[in-house]
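2 protein chains.
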Amino acid sequence: MRLRQKRIHYDVVFYEVYDQERDFLQHMLPRHIKARYVPQTIQECHDNYPLSSLISIRTQSRIPLSWAKNLSGILARTQGYDHLAAYQQKVQSHIACGYLGPYCSRAVAEHAIMSMMLLWRQAKKQIRHFNTFLRDGLMGQNCSCRRALVVGVGHIGSQIVDMARGLRMEVRGVDIQKRLKNLQYVFLKKGILWADVVFCALPLTDQTNKMLNYATLKYLKKGALFINISRGEISPIQDLKRLLSQKILGGLSLDVYEQESLLADYLRGHSKKKNRVIKTILSLKDRDNVLLTPHNAFNTEQALRQKTAMTVGSVVSFLKTKKFPYPVRIL
Amino acid sequence: MRLRQKRIHYDVVFYEVYDQERDFLQHMLPRHIKARYVPQTIQECHDNYPLSSLISIRTQSRIPLSWAKNLSGILARTQGYDHLAAYQQKVQSHIACGYLGPYCSRAVAEHAIMSMMLLWRQAKKQIRHFNTFLRDGLMGQNCSCRRALVVGVGHIGSQIVDMARGLRMEVRGVDIQKRLKNLQYVFLKKGILWADVVFCALPLTDQTNKMLNYATLKYLKKGALFINISRGEISPIQDLKRLLSQKILGGLSLDVYEQESLLADYLRGHSKKKNRVIKTILSLKDRDNVLLTPHNAFNTEQALRQKTAMTVGSVVSFLKTKKFPYPVRIL
Chain A
5 MRLRQKRIHY DVVFYEVYDQ ERDFLQHMLP RHIKARYVPQ TIQECHDNYP LSSLISIRTQ
65 SRIPLSWAKN LSGILARTQG YDHLAAYQQK VQSHIACGYL GPYCSRAVAE HAIMSMMLLW
125 RQAKKQIRHF NTFLRDGLMG QNCSCRRALV VGVGHIGSQI VDMARGLRME VRGVDIQKRL
185 KNLQYVFLKK GILWADVVFC ALPLTDQTNK MLNYATLKYL KKGALFINIS RGEISPIQDL
245 KRLLSQKILG GLSLDVYEQE SLLADYLRGH SKKKNRVIKT ILSLKDRDNV LLTPHNAFNT
305 EQALRQKTAM TVGSVVSFLK TKKFPYPVRI L
Chain B
5 MRLRQKRIHY DVVFYEVYDQ ERDFLQHMLP RHIKARYVPQ TIQECHDNYP LSSLISIRTQ
65 SRIPLSWAKN LSGILARTQG YDHLAAYQQK VQSHIACGYL GPYCSRAVAE HAIMSMMLLW
125 RQAKKQIRHF NTFLRDGLMG QNCSCRRALV VGVGHIGSQI VDMARGLRME VRGVDIQKRL
185 KNLQYVFLKK GILWADVVFC ALPLTDQTNK MLNYATLKYL KKGALFINIS RGEISPIQDL
245 KRLLSQKILG GLSLDVYEQE SLLADYLRGH SKKKNRVIKT ILSLKDRDNV LLTPHNAFNT
305 EQALRQKTAM TVGSVVSFLK TKKFPYPVRI L
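For the protein sequence lines, the chains are A and B, in the order given. The opening residue of the first sequence carries number 5 in the working numbering; numbering runs sequentially from there. The opening residue of the second sequence carries number 5 in the working numbering; numbering runs sequentially from there.
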């Protein structure tokens, strides 16, 4: 079996490809390119060595350090690339790493807005209460006239700003770069004191790691919402749980998680290791004021079409020139 | 027990008052007004005669015809008044009937927009899939650039128009009165052919009864959404089920129902009568592409504050002048 696998040569191996993405890729990739599609992570499919010198992952595969010598390119099919930068730094080799341009900003931003409405209107409870047709304890909150703080006003954050305004909310932003001319930017602490809902749309860097922790968010108004659609590490789950139990947070929506690859391994049944972070996340999932989704904010038809086009473009470009259109800068 | 009840005189009896509404009413009603608060419908609390000549209901109490001779005023704590008009016509008496001005248009419109996003993003399925962290079959749809048809562009409909535009959707309206200057109004059939999502925000009248039936909605694009937040009778449930099974409808959100008072009686356990309409509604409730909520779209803190102020104003005005600020016109 291993011998047979060794003989097969692929131009590219895609890991973490779900059904619909594979359909789109197969449809758009030029026929001469030999591709292998694997729904699992590298860990889950137990590959001992790379079956192609070009591999493509999403966020949950951890690329073995031993693979470095056999790889010439790694493409992350994501807008974030912190995991590739970390790998590059560890292996200290000049493997070309690429990521995708903004393909799903709108989808992610819409997911964030949906999450806010769903929490303010207690949608989980409303659905359950249909069974008794009783409305006690179902009172929600309007969006209009309420205050949205968008932390990180890049591709995604600026779309959140746009939609929150469309819902007639007051909006302020936090960012070191002030790209939107008509937006009032504030210091983080001032924004936290002011907001009814905080959206985290920051990239993960050394500076943003644990930035929205207990010490920062404890200044929120009682009952405010916190919504994270960027990276779990920016806001430690223990801190969020504490803010919920102190009723400082009135609602929490997460699409991303601390130690997300461990969490995914556990939930998919590939590992039984349940550490404190995973236990804390799971303890929150059935609460009416908590919405947990499986890193799925990006996943719309419109975004997937754009993503597939960018993936195909990146693979074709790399196979021809050994360069990616969106290269990860070596840190 | 009956004797004791007979001796008690109330200035007003409020039926169908849920917890939070009672708290707000007790806080705002002048102290000299003697009020009775009943969480149930008239049917559920088995009152044989009215305990005050002024009663107030929502939508689910059916006022017995025999009560007419003892009533001088009926206040519906709703924006719709079709049920009071029907009662007036049946009893042919000059009981003053009142309803409330627009107090919850924004809340209802926001619920409609939330429902659309929730359906397009498969939120019910996303929540369930967190347990396995798998994304197969979770692909959703963006709102932006898609087409919203608002049928009935009154207080609620015009807020839906405003928010759908805020989400960067294309919007058209259907209404006999063309109140919004910057909105493109179309004929119903033309709009149905064009739309990706149809919002029903019509009042219930003889003309609108069963208006959005199978014969009309069958022209929808495959996979379109239908969202009804006004009155169930406008869109028969059998027709909606048929459209779902034919995959013409890709998603359905209802906050209102045909024979809603029977449905509520059944779900609250006060009646075991399960007719065909109720059976059909219940057969849909656990589908991922169906969102059923218990006539709760109005229920936000902001709306409840406005509603309570209007209720108190109407009661005070009636007790003093025998007139309601928003009288039901005798048909």
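Incorrect hints may have been included.
Intra- or inter-copy, both count: the list cannot distinguish identical chains.
Below, simulated DSBU-like cross-link-like pairs (lysine-lysine); rule was C-alpha separation at most 30 Å, straight line [unchecked claim]: (1) Lys277 - Lys245; (2) Lys276 - Lys324; (3) Lys182 - Lys324; (4) Lys128 - Lys251.
Just so you know, these hints were derived from the structure itself, not from any lab.
Each hint tested on the structure:
no.	hint	verdict
1	Lys277 - Lys245	within (21 Å within a copy, 45 Å between copies)
2	Lys276 - Lys324	neither (43 Å within a copy, 71 Å between copies)
3	Lys182 - Lys324	neither (38 Å within a copy, 59 Å between copies)
4	Lys128 - Lys251	both (19 Å within a copy, 25 Å between copies)
Against the hints set out earlier in the document, violations occur for numbers 2, 3.
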